[in-house]
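Novice: Listed here are the chains, written in short residue letters.
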Amino acid sequence: KAGVTQTPRYLIKTRGQQVTLSCSPISGHRSVSWYQQTPGQGLQFLFEYFSETQRNKGNFPGRFSGRQFSNSRSEMNVSTLELGDSALYLCASSLGGSSHEQFFGPGTRLTVL
Amino acid sequence: AQTVTQSQPEMSVQEAETVTLSCTYDTSESDYYLFWYKQPPSRQMILVIRQEAYKQQNATENRFSVNFQKAAKSFSLKISDSQLGDAAMYFCAYNAQGNTPLVFGKGTRLSVIA
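Top line first, the protein sequences correspond to chains A and B. Using my numbering, read the first sequence as starting at 1 and increasing by one per residue. Using my numbering, read the second sequence as starting at 1001 and increasing by one per residue.
Hints may be right or wrong, so weigh each one.
[Claimed, not checked] Example chain A residues on the side facing chain B (calculated, C-beta under 7 angstroms, incomplete):
| id | residue |
| --- | --- |
| 1 | G40 |
| 2 | L43 |
| 3 | E48 |
| 4 | N56 |
| 5 | F60 |
| 6 | F64 |
| 7 | P106 |
[To be verified] Calculated Cβ distances over 10 angstroms to all of chain A for the following chain B residues:
| id | residue |
| --- | --- |
| 8 | S1007 |
| 9 | S1012 |
| 10 | Q1014 |
| 11 | V1019 |
| 12 | T1027 |
| 13 | S1030 |
| 14 | Q1044 |
| 15 | Q1057 |
| 16 | L1084 |
| 17 | D1086 |
| 18 | K1106 |
| 19 | G1107 |
Calculated from the structure, these hints are not laboratory results. Where is the CB? At the ideal position from N, CA and C, for every residue including glycine.
Start from the sequences, fold in the hints, and give me the full structure.
Specialist: Following this line, the structure appears as C-alpha cells:
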C-alpha cells in the first residue's frame, strides 16, 4: 500500500502571497489531519477532515483553511503569508477515531521570505 | 485542555546501551491513547509504540517498551540495545477518546554514540 504523499515537498514564497499544499492519504483512509511543526512551537494541530467535513480545528487564524475531496485527498491553503508561517507542514491520515494510528506524510517545508 | 510534557530536550546513549525517555501528561479522562513517534532527520514521523489507557499491561515492540503509570500520568519509553538508527526526535502524544486530535509533547532529541 502506498503511504501518505504530500506535494510539493519544498516551497518558497514571499510575504503576502498565498499557498496551497496537497495531501493524498493512504487508500481507504477517510481522515486527514494537518499539523504545523516549528522549532519554537513544536507540533501544533491545524485541522482534521473526515469524509469531506471539517471535524476538528486547532487554534490558528482564518488565513489557514482546508478542504477534503470525495477521494479523501486534502488541501490546505494559507493566505496572506507571514514570516511566521515558515514551517514544516505535516499531513496524517487514518481510518478515523482516536484508537487508529495516524500515518504521516513526509511533510512540505514552507519558507516565507 | 490536555497537555503533554517531555522534560528532556536532549538525551544521549551509547550504542548497545539502554535509554529511557520521559513523558507526563495531564488529562481528566479515564480512557485515552498514548503514542511514541520517532522523527528521524528525514522528517518522516513513524509510530514506535502505542498504549491504550484501559490496558494495564505495558506495550512492547521489539527493543521498545513503555512504562505506563496511569495514576502518575506518566508514559516513558525504554529503548534497549540502542542502535545508530535510533537517533532521532522522539515525540510523546496523547489522544482522547472520540474524534479528537493528537496532542504532542515538545520532543526529545536522542543521540546514539558509537
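Novice: Let me make sure I understand: some of the numbered hints might not hold for this structure. Which ones are they, in numerical order?
Specialist: Per hint list: 1, 5, 6, 14, 18, 19 violated.
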